[in-house]
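Following the hints, complete the assembly by docking chains B and C onto the known chain A.
Chains A, B and C, in that order, give the protein sequences.
Read in the numbering used here, the first sequence has 71 at position 71, and its numbers run on one by one without any break.
In the numbering used here, each residue carries its 1-based index in the second sequence increased by 366.
In the numbering used here, each residue carries its 1-based index in the third sequence increased by 852.
The set of hints was computed from the structure by calculation and includes no laboratory data.
No false leads were slipped in.
Take a look, some chain A residues computed to stay more than 10 Å from chain C by CB distance:
| hint | residue |
| --- | --- |
| 1 | Ser71 |
| 2 | Lys79 |
| 3 | Ala306 |
DSSO-like mimics (lysine-lysine), calculated; alpha carbons at most 30 Å apart, straight line:
| hint | chain 1 | residue 1 | chain 2 | residue 2 |
| --- | --- | --- | --- | --- |
| 4 | C | Lys1042 | C | Lys1031 |
| 5 | B | Lys471 | C | Lys1031 |
| 6 | B | Lys405 | C | Lys1031 |
| 7 | B | Lys408 | C | Lys1025 |
| 8 | A | Lys162 | A | Lys79 |
Pair ranges (Cβ atoms, derived):
| hint | chain 1 | residue 1 | chain 2 | residue 2 | range |
| --- | --- | --- | --- | --- | --- |
| 9 | C | Phe857 | A | Ala25 | 27 to 37 Å |
| 10 | C | Ala1009 | A | Gln43 | 46 to 56 Å |
| 11 | C | Ala1009 | B | Asp522 | 15 to 25 Å |
| 12 | A | Gln43 | C | Glu986 | 46 to 56 Å |
| 13 | B | Ala417 | A | Lys333 | 25 to 35 Å |
| 14 | B | Arg667 | C | Leu951 | 35 to 45 Å |
| 15 | A | Ile343 | B | Ala395 | 18 to 28 Å |
| 16 | C | Tyr992 | A | Lys333 | 21 to 31 Å |
| 17 | A | Ile295 | C | Leu900 | 39 to 49 Å |
| 18 | C | Gln1032 | A | Phe361 | 37 to 47 Å |
| 19 | C | Leu954 | B | Pro597 | 18 to 28 Å |
Predicted model only: the values in this text are computed from it and were never measured.
Even glycine gets a Cβ: it sits at the ideal position worked out from N, Cα and C.
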Amino acid sequence: MDWVNILLTTIVWIVEILLIAVPVALSVAYITYAERRVIGLIQARKGCNRVGPHGLLQPLADGLKLFLKESIIPTRANKFLFVAAPVVALTPALIAFSVVPFGEMSHSILQIHDGVRTWFADLDTPQVMAIAHLNVGVLYVMAISSLAIYGILLAGWASNSKYALIGAVRATCQMVSYEISMGFALVCVLMLAGTMDLSGIVHAQEGGFWHWYIIPLFPMFLVYLISGCAETNRTPFDLVEGEAELVAGYFVEYSGMWFATFSLAEYAALILISLMTSILFLGGWYAPFPFLDFIPGTIWLLAKTAFFVFVFIWFRATFPRYRYDQMMRLGWKVFLPWTLAWIAVVGIFIYTPGLQDIIGFYQPWR
Amino acid sequence: MANITFPFPYPEHLGIMLPEILLAVLAMALLLWDLFVPKEKKGMIAWAAVASCVVTLIALLQLPAGDSLHTFYGYFVLDPFAAYAKVLMIAATVLAIFLSLDFMKDEQNVGEYYCLMLFALLGMMFMVSATNFVVMYLGLELMALCVYVLVAYQRDVLRSSEAGLKYFILGALSSGMLLYGLSFIYGVTTDFMFAGIGEALRHVEDGSRLAVLLGMLFIIAGLAFKVSVAPFHMWTPDTYEGAPTPVTAFMSVAPKVAGFVVFIRVLADAFPALQTEYTTVLSVLAVLTIGIGNVAAIAQRNIKRMLAYSTIGHVGFMLLGLIAATQEGYSGAMVYLTIYLFMNMGAFAIIVLMRRDGIQGELLDDFAGLARVRPGYALAMGLLLFSLAGIPFLAGFWAKFAVFAAAIHSGHIWLAVYAIVFSVVGCFYYLRVVKYMYFDKERVAFNFIENPVMQATVVVTSLAVVIFGLYPKPVMAMCSAAVSMF
Amino acid sequence: MIEAFFFYVFAAMTVLAGAGVVLARNTMYSVMWLIFCFFNAAALFFMLDAEFLGIILILVYVGAVMVLFMFVVMMLEVNKARLREGFLQYLPTGGMIALMLLIELIGASSSGVFDNEKVAAVGHLGAEVNNTVEIGKVLYTQYLLSFEIAAVILLIALVGAIVLTLRSRDDVKYQNISKQVNVRKEDRMKTVKVKS
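Here chain A stands alone, though its shape is the one from the complex:
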């Protein structure tokens, strides 16, 4: 491989990364805006509508404010880890996007691409619109999003503050607990799809909403959604930062840009969970009815994602916060048996001769 080739490949990669990272950052900014408006509407008030038309410039103003604020390090804090924690929190939230397929390139685009493709044919699979087309994509997302906890843990410990520490400890228990039921919900999807490749899972759901996994796996869809809510520490599971008890939980000592980084990570994780739910249960980039396929798949995927983001905001406006022991009970005593039972059900369906034909509808690869 000569140097030009390496250089070109690197440039293509950087462009691809920017193409995902920048929209994610922007949508995070506007999700905060949407959150305030939606909650405002639900609570019969206006929400932010002063900065710019309909308050649309509010996120920018917020960003500017946070950017200009002084970032304070507490005296007794562990300085290195204190500064490292926000970065550790943000990195996994962003790199998890690298395997998410945002759609498939249509044939015509492929042909335009062909000139460039020869340069990096070995390194990329251009059919799927993802930075990396990994055949264990589901596991990768699981693994990387489970790393988000380190940011919280380190922040809580390095702050040398009891509220932060309690927040971090709660976060650890909560995220480790819900990761399990989330993983089991995923196993059901994998059993049907027969692959761990995210684009493969989407392919298995091709053709109309009656092929989507939300139908055979509806309980798992609920478990996944709710566990996702707990994983991202959103209301009603935001005990990690429950302001009534812990002021702001693990980031109580953070200010300015570092604080903003944590928010960024949190909302990025929210987008990721919404994306994953759409891909795993709602047929990814496929339209609900085949005749609607003229609308590009990416738009469908983003629309589904936006819907789930809305659902999470809706949750926040609707539900009161769980008590800690109730939350643990839900994770271990309700979700875990539920998911295990459903795995058994799916397994029995797949291996019992008569039932095979029913479930076989959702296993086009057989």
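Frame of chain A; chains B and C shown alone:
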């Protein structure tokens, strides 16, 4: 749609594993059932555990004995050797459960205690049926994990926790050694099966010889640790002393059976090409073990510690059978293990019966004057101790006779002489207890546990010792039938 | 070429991280070095086309085991300086064991078992072999028994941990939620006729 077949190639051979499958299912069912048993009725769990053992035993006995049956891609074998060892281990487990009946009833989480014993039994059953290092190691770990927990069961008793922790850390170390050795052997032979390794080692290049030797040394060290062979015996006295007495009884017998069976299989199947080398290593270990076990036991004032060292000594004697590396030797080791099971279980049963106010009769002084208070117990204990010492015409004598004869026949005469000398030394500390019981004044008052099942255990074991002593033929015949394939 | 370069980078990082675990003064840093070490090991797996193993390493060890490690370290506040007091005293023994293991490893690896031509036969399987599927195939056929025993071992680990830690204590005020929820008027309230 493609037809999905169950990925198991010969399900009809699943029956070979029926005892294990039944035991696993029953143990798990017991674990669940325990949740619904009220605290005062937890004794039922013990009886259910015994019933599970009996069911397993029946399932085992109805299987065709006689030839080697393989299943699970040859990863599991049922041959007379494994079957015999399984019967022994089931017997040991049942006896240990009997000993626990009264002992554990005031503890918390009693139900899990019996389940853990069953799971330990399951692990050992996999160990003795393993034809390769993977299943062997997993069975070993399953057994060891259960025993670690059982040892530390009395969490409020400091020395129980201490014993558990010590056993756990040293056990983990020994597992590490075993695995390290395995990695060498696997590197050279690229095989896990005992037979495959044995075949590959027959024509191994000179360059790999060092790796093979190191691997074998580490494997021997790891296994030696599990059966407490000196110099890997350091955990034994502390663990035996700290563990709840029924657990001590259990772990002094059942894991030893499993450990020796695995030891024999590994040496005879995987390392026959290295017989001269491993004979040297084992001879050194045996000399050390016999010496340390019998000499250190003299200095002990605590009878559980004394029996721990006595176990080490006996393990040393059993090693002679392995060193002989003949059918006679292996059969001798099995005879030894069979008889040892009854002797040790009986001795521990009496110790358990002497429990008072949460403390067991453990010091030698506690046994003083036992003959006056409870002549029956004293007689039984006397018989068992005489047998442990190897006095002629009790079972223990034939056990020793079998291994010594095998060692002499295979040409290890000086080793046999050494062992005989030390078994005479060993007589001293066994007979000292007898002296305390019969010739000393009573020093402490006892309230004995009055539990008919436990008393029956004592009677059965001491009777067994006498009967085996008078008619050793059947045991010897069974054992030589068990090892007939070597 | 570029592959060899990345291999050496990851291998060096792994060794560096391993040294960091042992040498770090702060226990928290030790844990973080260990995490870093796992990451690099996972990267090495990736380079061998074993992406399933690599991801599992991250998912299980970094995502779960090390979190609990860190949790414990955070809670315990181990003073590593004090742990180190006897450090030099154990150095001769420990160092000797380490040296022995090193010599053995060198001896074993130079014994010709790991010669290039033998290893090359294993080599890269390439992208057309899906190693997740392959691992699944051997795990659920040839190693089925081992797999099942391993499952029982994990069950025992769970049971053992619970048995050793779960004590019903009388001196704590614990809320029994189902009892609270299921309480009825009659349980709490008594109507008493009082003479007026």
